[in-house]
Amino acid sequence: MKPLLKIEDLKMHFPVKGGVFLRAMGACKAVDGVSLTVNEGETVGLVGESGCGKSTLAKATARLLDPTAGRIEFEGTDITHLRRRELNPVRREMQMIFQDPAESLNPRHSVRDIVEEPLVIQKRGSRAERGKRVAELLEKVGLSESAGNRYPFEFSGGQRQRIGIARALALNPKLILCDEPVSALDVSVQSQVLNLLMELQEDFGLAYLFIAHDLAVVKHVSDRVAIMYLGKIVELAGADEIYENPKHAYTKALISAIPVADPSLDRDRRLLEGDVPSPIDPPQGCAFGHRMGHPKWEASVGMDLALREVSPGHWVQPCPCCTDES
Amino acid sequence: MSEDSRQLLEVTDLSSSFDTEAGELVAVDDVDFKVDRGRTLGIVGESGCGKSVSALSLIRLLPQPMGKVRSGEVWFDGRDLQKVDRDEMHEIRGNDISMIFQEPMTALNPVHTIGRQLTEAIHLHQDVSPEEALEQAIEMLKRVRIPAPEIRVGEYPHQLSGGMRQRVMIAMALINRPKLLIADEPTTALDVTVQAQILALIDELQQEMGMAVILITHDLGVIAENCDDVVVMYGGRVVEWTSTRELFANPLHAYTKGLLRSIPRLDRERKTKLPTIPGNVPSLQEMPSGCRFSTRSEVEHDDESIRTRPDFKEVSPGHWVETCPYCYEG
Ligand SMILES: Nc1ncnc2c1ncn2[C@@H]1O[C@H](COP(=O)(O)OP(=O)(O)OP(=O)(O)O)[C@@H](O)[C@H]1O
Ligand SMILES: Nc1ncnc2c1ncn2[C@@H]1O[C@H](COP(=O)(O)OP(=O)(O)OP(=O)(O)O)[C@@H](O)[C@H]1O
Ligand SMILES: [Mg+2]
Ligand SMILES: [Mg+2]
Numbered sequence: 001m002k003p004l005l006k007i008e009d010l011k012m013h014f015p016v017k018g019g020v021f022l023r024a025m026g027a028c029k030a031v032d033g034v035s036l037t038v039n040e041g042e043t044v045g046l047v048g049e050s051g052c053g054k055s056t057l058a059k060a061t062a063r064l065l066d067p068t069a070g071r072i073e074f075e076g077t078d079i080t081h082l083r084r085r086e087l088n089p090v091r092r093e094m095q096m097i098f099q100d101p102a103e104s105l106n107p108r109h110s111v112r113d114i115v116e117e118p119l120v121i122q123k124r125g126s127r128a129e130r131g132k133r134v135a136e137l138l139e140k141v142g143l144s145e146s147a148g149n150r151y152p153f154e155f156s157g158g159q160r161q162r163i164g165i166a167r168a169l170a171l172n173p174k175l176i177l178c179d180e181p182v183s184a185l186d187v188s189v190q191s192q193v194l195n196l197l198m199e200l201q202e203d204f205g206l207a208y209l210f211i212a213h214d215l216a217v218v219k220h221v222s223d224r225v226a227i228m229y230l231g232k233i234v235e236l237a238g239a240d241e242i243y244e245n246p247k248h249a250y251t252k253a254l255i256s257a258i259p260v261a262d263p264s265l266d267r268d269r270r271l272l273e274g275d276v277p278s279p280i281d282p283p284q285g286c287a288f289g290h291r292m293g294h295p296k297w298e299a300s301v302g303m304d305l306a307l308r309e310v311s312p313g314h315w316v317q318p319c320p321c322c323t324d325e326s
Numbered sequence: 001m002s003e004d005s006r007q008l009l010e011v012t013d014l015s016s017s018f019d020t021e022a023g024e025l026v027a028v029d030d031v032d033f034k035v036d037r038g039r040t041l042g043i044v045g046e047s048g049c050g051k052s053v054s055a056l057s058l059i060r061l062l063p064q065p066m067g068k069v070r071s072g073e074v075w076f077d078g079r080d081l082q083k084v085d086r087d088e089m090h091e092i093r094g095n096d097i098s099m100i101f102q103e104p105m106t107a108l109n110p111v112h113t114i115g116r117q118l119t120e121a122i123h124l125h126q127d128v129s130p131e132e133a134l135e136q137a138i139e140m141l142k143r144v145r146i147p148a149p150e151i152r153v154g155e156y157p158h159q160l161s162g163g164m165r166q167r168v169m170i171a172m173a174l175i176n177r178p179k180l181l182i183a184d185e186p187t188t189a190l191d192v193t194v195q196a197q198i199l200a201l202i203d204e205l206q207q208e209m210g211m212a213v214i215l216i217t218h219d220l221g222v223i224a225e226n227c228d229d230v231v232v233m234y235g236g237r238v239v240e241w242t243s244t245r246e247l248f249a250n251p252l253h254a255y256t257k258g259l260l261r262s263i264p265r266l267d268r269e270r271k272t273k274l275p276t277i278p279g280n281v282p283s284l285q286e287m288p289s290g291c292r293f294s295t296r297s298e299v300e301h302d303d304e305s306i307r308t309r310p311d312f313k314e315v316s317p318g319h320w321v322e323t324c325p326y327c328y329e330g
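Line by line, the protein sequences give chains A and B. Count the first sequence with this note's numbering and you get residues 1 to 326, in order. Count the second sequence with this note's numbering and you get residues 1 to 330, in order.
No lab work stands behind these hints: they were computed from the structure. Backbone N, C-alpha and C define an ideal beta-carbon position, used for all residues, glycine too. Be careful, since some hints might not be right.
Unchecked claim - Straight-line distance between alpha carbons at most 25 angstroms, and here's what the computed BS3-like set of lysine-lysine pairs gives:
1. A:Lys132 x A:Lys59
2. A:Lys140 x A:Lys123
3. A:Lys140 x A:Lys174
4. A:Lys174 x A:Lys123
5. B:Lys257 x A:Lys140
6. B:Lys271 x A:Lys252
7. A:Lys174 x A:Lys252
8. B:Lys271 x B:Lys34
9. B:Lys273 x A:Lys140
10. A:Lys59 x A:Lys17
11. A:Lys140 x A:Lys2
12. A:Lys140 x B:Lys179
13. A:Lys174 x B:Lys271
14. B:Lys179 x A:Lys17
15. B:Lys257 x A:Lys2
16. A:Lys174 x B:Lys273
17. A:Lys6 x B:Lys271
Stated by the list, open to error - Distance ranges between label pairs, derived from CB positions:
18. A:Gly131 x B:Glu286: 17 to 27 angstroms
19. B:Val128 x A:His81: 28 to 38 angstroms
20. B:Asp19 x A:Gly131: 21 to 31 angstroms
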């Protein structure tokens, strides 16, 4: 397995101005020391609490943000500090599907122009060839060719998300950072899109960093799954392994909160207690243990919480409060 | 009479369309449903089938000038919302009906802080001091599990994560304690633990004040766990409508069956081909006037069924289905 993307100890901190007077109040440590590798042709699932830094990690990796610290290597090249122009060849091979289509699709451009744009920027093919490619892409994501003449606002939420997917596929990249690519789709279209992504992987060896909240979807498409909590990865393992044998308390909480499509089950859901922690002024030590008020949390303060391999390929944060592995 | 006082919303024959370059496109075609006080109605259906447009039509927020309600009645708490004047509608939207929009960024104002947007909503409907409003705003953000709400009120939407934006909208929708909450994919950007908390909060408010909820979602697990009844839509029409238990135990329409088969499952072998409903939904221009599922169905339809709209019938008590002979075995 050849590493395609190597993220090392990546940090992305945002300055925080707050209160009524917009004073500088410190930093929002959205991503706070993440290391993760995506191999060629591999899918790594990324799951975590809302606001834990998944989109920020993806945007920093795509260099839409300038990381605060750490290193990003893509195809053996350090891209952490490349400038806009130098990033052009990287963009050809690394694309992103954005979480909120409203944020990423230019409302004044027709769908055809949006999907064609990466081809134009990278000077691919003649006009006619590009037109053919756009039609093909639209069909692949389940939109009719006539959709090309229309504008993003004329589409439903799920249709808009598919426009973003078509655009990301346009250049046949090697890696796609998928930020909630299917969450706005009904289960059948979702399965169609997932089948398409898996097919492209099979045929062209595409790799994905796949961010999603639907744990069944993540399990299905991923080779490995990383669980993130408050700016850090707390567990990383093979996709079957992590569901069958979760080690970290947050991973366990996630798995037990999966809604089940069976109304005859009367499940009494135990909700997570405690206040969701904030990346602005995060707690010391293990953030999840702190939140749950775990009696052994204090012992995690000052500990080295770097992931530890507890069985081949299964990595977990070794804190006394959330795992039995310390 | 007791039936009537329980009922909060009744939608009959609602149709909506858009004026586009390709002509008038009918996105919602004679849709019917009801919601009782304190109850939750789920709406599911293929992407693009008209769920959001139905919801926006109810509260008269279709994009202008392209969108319009062509016909239908929307009885809410004794009034026909299609007939009330604009001011009255505006008031109903603020006080009695709230909507959580599918895409937070289209609904939040990017140039105003979260705090300002929330307190504006409060001031519109309550006579309170600015400090009191800010306090309420922070309290509500806390209830939707936004961490460090005192700081977040000073931030702008682009500074929040996708799920935080969604929760800000949920807070805005709940802050005036509406009688009806329309939630369009309210939890898509939330992890399952926060999702469970938000759904529990909505449930709590339902118990507390008898709020009714229309929950639009693709997550059939969320439907199963939170809805009393379900409407299944396809191609702008309702194809099935019954209680949640009945729908999962005894789905009758071919589309519903296909949908239930496509639910993602944890026990499937990884990286295998997932079951889907073959083909794509035709665009609105190409929609057949008869059975709309005919272009997708495994069973070939005759001309008559493709041309003539099948009846929507109550085939057993409380179980309604569109009775195309090829999609429903009566
Ligand atoms: N402004 C518009 N102009 C033209 N057509 C529109 C407009 N808005 C929506 N439509 C069309 O109306 C249909 C219904 O859209 P709607 O947003 O209700 O779908 P939906 O069921 O909510 O789908 P999703 O699950 O993807 O959100 C779609 O075919 C869409 O393309
Ligand atoms: N441009 C920005 N400026 C300031 N803070 C930001 C910015 N973008 C993100 N943040 C903050 O970084 C943190 C992580 O946000 P991010 O969007 O990465 O979360 P996420 O894991 O993708 O969450 P979700 O599942 O809700 O989409 C949040 O606290 C957010 O407020
Ligand atoms: Mg995100
Ligand atoms: Mg919608």
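Comparing the hints with the structure gives:
A hinted pair counts as satisfied when its Cα atoms are at most 25 angstroms apart, and lysine 132 of chain A with lysine 59 of chain A does not qualify at roughly 30 angstroms. With a C-alpha separation of about 22 angstroms, the suggested pairing of lysine 140 of chain A with lysine 123 of chain A holds against the 25 angstroms cut-off. Annotation: proposed proximity of lysine 140 of chain A to lysine 174 of chain A holds, straight-line Cα distance about 18 angstroms (limit 25 angstroms). Between the alpha carbons of lysine 174 of chain A and lysine 123 of chain A the distance comes to roughly 18 angstroms, so the proposed pair stays at or under 25 angstroms and holds.
Pair hint lysine 257 of chain B plus lysine 140 of chain A holds up; C-alpha atoms about 24 angstroms apart against a cutoff of 25 angstroms. Of the pairs offered as hints, the one joining lysine 271 of chain B and lysine 252 of chain A holds, with about 23 angstroms between alpha carbons and a cut-off of 25 angstroms not exceeded. Between lysine 174 of chain A and lysine 252 of chain A, the direct Cα distance comes to roughly 33 angstroms. Violation of the 25 angstroms bound is thereby established for this hinted pair. In summary, the hint linking lysine 271 of chain B to lysine 34 of chain B is not supported, as the alpha carbons are separated by about 41 angstroms, beyond the 25 angstroms threshold.
Between the alpha carbons of lysine 273 of chain B and lysine 140 of chain A the distance comes to roughly 16 angstroms, so the proposed pair stays at or under 25 angstroms and holds. For the hint pairing lysine 59 of chain A with lysine 17 of chain A, the CA-to-CA distance comes to about 21 angstroms; that is within 25 angstroms, so the pair holds. In summary, the hint linking lysine 140 of chain A to lysine 2 of chain A is not supported, as the alpha carbons are separated by about 29 angstroms, beyond the 25 angstroms threshold. Pair hint lysine 140 of chain A plus lysine 179 of chain B does not hold up; C-alpha atoms about 42 angstroms apart against a cutoff of 25 angstroms.
Distance hint between lysine 174 of chain A and lysine 271 of chain B is fulfilled; the C-alpha atoms sit about 19 angstroms from each other, no more than 25 angstroms. Taken as a hint, the lysine 179 of chain B and lysine 17 of chain A pair is broken in the structure, with Cα atoms around 37 angstroms apart against an allowance of 25 angstroms. Restraint check for lysine 257 of chain B and lysine 2 of chain A: the C-alpha separation of about 42 angstroms exceeds 25 angstroms, so the hint is violated. For the hint pairing lysine 174 of chain A with lysine 273 of chain B, the CA-to-CA distance comes to about 21 angstroms; that is within 25 angstroms, so the pair holds.
The suggested pairing of lysine 6 of chain A with lysine 271 of chain B holds, with an alpha-carbon distance near 24 angstroms, which does not exceed 25 angstroms. With their beta carbons about 21 angstroms apart, glycine 131 of chain A and glutamate 286 of chain B fall inside the hinted range of 17 to 27 angstroms. Take valine 128 of chain B and histidine 81 of chain A: their Cβ atoms lie about 51 angstroms apart, and the range 28 to 38 angstroms is violated. With their beta carbons about 27 angstroms apart, aspartate 19 of chain B and glycine 131 of chain A fall inside the hinted range of 21 to 31 angstroms.
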